[in-house]
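All chains should be modelled from the sequences, with the hints used to inform the complete structure.
So the protein sequences, as listed, match chains A and B.
Converting from the first sequence to the numbering used here requires adding 63 to each position, the first position being numbered 1.
Converting from the second sequence to the numbering used here requires adding 42 to each position, the first position being numbered 1.
Hints are computed from structural coordinates only; laboratory data are not their basis.
Please read all numbers here as calculations on a predicted model, not as lab measurements.
Virtual Cβ for every residue (Gly too), placed ideally from N, Cα, C.
Just so you know, not all the hints are guaranteed correct.
Stated by the list, open to error - Computed footprint of chain B on chain A, listed as stretches where at least three residues anywhere in the stretch have a Cβ under 8 Å from a Cβ of chain B: (1) 142–156; (2) 162–171; (3) 256–269; (4) 299–305.
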Amino acid sequence: MTRRIVPNTIALLVALVVAFPIYWMVLSALKPAGEIQSATPVPWTLHPTLDSFQRVLRVNDFGRYFVNSLIVALAVVALSGLVAFLAAVALTRFRFRFRSTLLVLFLIAQMVPIEALTIPLFFLVRDLGALNTLFSLILVHFAFTLPLAVWMLRGFVAAIPDEIEEAAQLDGASRWQILWRILFPLVAPGLAATGVFSFITAWNDFLFARTFIISATENQTLPMALLVFFKPDENDWGGIMAASVLMTVPVLIFFLLVQRRLVSGLAGAVKD
Amino acid sequence: MTAIDAGPAVTVRARSRRKRQFAPLWMLLPAAAVLLPLFVYPIYQLGLLSVLDFRQAQVSGGQPTRFIGFDNYAELMSAPRFWSVLWATVVFAAALVVVTLAVGAALAVLLTKISRWAAIALSLAAMAAWAAPAMTGSTVWMFLFDTNLGLVNRVLGWEGHNWTYERFSAFALVGAVVVWHSFPFVMVTLYAGIKALPEQVLEAAQLDGAGPWRSFWSITVPMLRPVIAIVVIQSIIWDFKIFTQIYVMTNGGGIAGQNLTLNVYAYQQAFASSEYGLGSAIGVVMMLILLAVTLVYLRMLRRSGEPL
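Written out as structure tokens, the structure is:
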């Protein structure tokens, strides 16, 4: 036990350093304005207040951006989960020509620098008349999260024994029933894992929100809305930190809930 | 045909019929319907735009678009700025990969040597950093390093010091945030890899008198090669594409563009300067670099014998 004192101490110190920015964000969001300006900042507060949150939500209508972000992220999770599930079943349960080629293409697609595609996608979205809409964001993230979702789900589908399907078939289940009543629930843990990644991609996106949502500020999402608090003369750090907390907490909860599945899903996706 | 082998024969036939019936085509159709217009077509468009004279006048339709061949590329190659941005991108990404891997690997090894409670504390902290959106990670670190109100300057007594004023310290600050965000992936993946190693091998090495350092380099690292290859490639791809942190923390690429990377440079050329053709050419260069990395990755996968 004693020989672990040194590594344990190091680990704990590292954990403190790594967690500190998150702690400082939450703390600063709760500090009254005077303490944020204070010349001697202390790592605690004796007068926690929700002032910053109220300012952010009431004055700056942050709730609206929160809902916008949520709509985009949840739509992307649902759409890309559904479509990826179908594709993953096709790629694991059937042998056909070009199957390997398709798998490699899905892998390559994950490497494509989507940032470089902003320019053509901007014109595409403009020609669709979808600039300034949440729909434009759902559309691009639907496409961008699909390759990883297919690649990750493949492992989960492959892990389901063939016999289950065969037994169901002998019992007279149709292919639709096998697909939705049997495979779909069994892959649910995998869908949760891929869902987190899709959610985070859509939730965190700054680039496309910045490019597509030009004038319709009411359709802005959280990452862009955060910039509102940066002022040339003086940044409203209390507001920025409160807004950052509002943006971080949903992902954090999501992440911790499916943490185990996430790691196994990722390991599966990475291993292949 | 005897009654005995009729059973399997029927099953096999039923199975092959099922395979034909369940033609996988319609199951792949939705994915194709999304990826072809929103992924494949834009890639083609990017290539096309890069050989066009495409600026504000062409966007608004005031002037016809004109095919100019590789003029955009020639313009890039002759601009000192392009080379300095390319160089900065490569050096910045390489430094990030090295630091992320070193930190992630060191902590993965540390995880195997500590008590459960300490491992949980470290994992939770890492998860929090991993989950934090790039945007909020950037804002928090900007606050910590703020010129006047930042904790770091207050503690160091450096009030008034601007961390993004100088090129190197601005890159370093952005780099710190990126490493903070991305080391957990490396740590978790390598830790899972180490845990999966057969213990007997390491014990045997210990019995043969190998110290921890020796057995790490001679046994753990070679056996983990496939996992290491994957985290290296993933990190390269990830670090080459950093956008949000640079854009937000250095306010669009730093003072006089000193902190531009290819990504941000392409974006600025297209959307700030309305040089869409030129921006697309930069995008193509980036695409080619990452394609090369991807091909190396695929070769490694093949060599490690993973069936696709």
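Outcome of the hint check:
1. Given as covered by chain B, the stretch 142–156 of chain A passes the check, having 9 residues with a CB less than 8 Å from a CB of that chain where 3 are the minimum.
2. Figure legend: the stretch 162–171 of chain A, annotated as covered by chain B; annotation consistent (6 residues with Cβ-Cβ distances under 8 Å, at least 3 required).
3. Restraint check on the stretch 256–269 of chain A versus chain B: 4 residues with Cβ-Cβ distances below 8 Å, three needed, restraint holds.
4. Counting residues of the stretch 299–305 of chain A whose CB falls under 8 Å from any CB of chain B gives 3; the rule of at least 3 is met.
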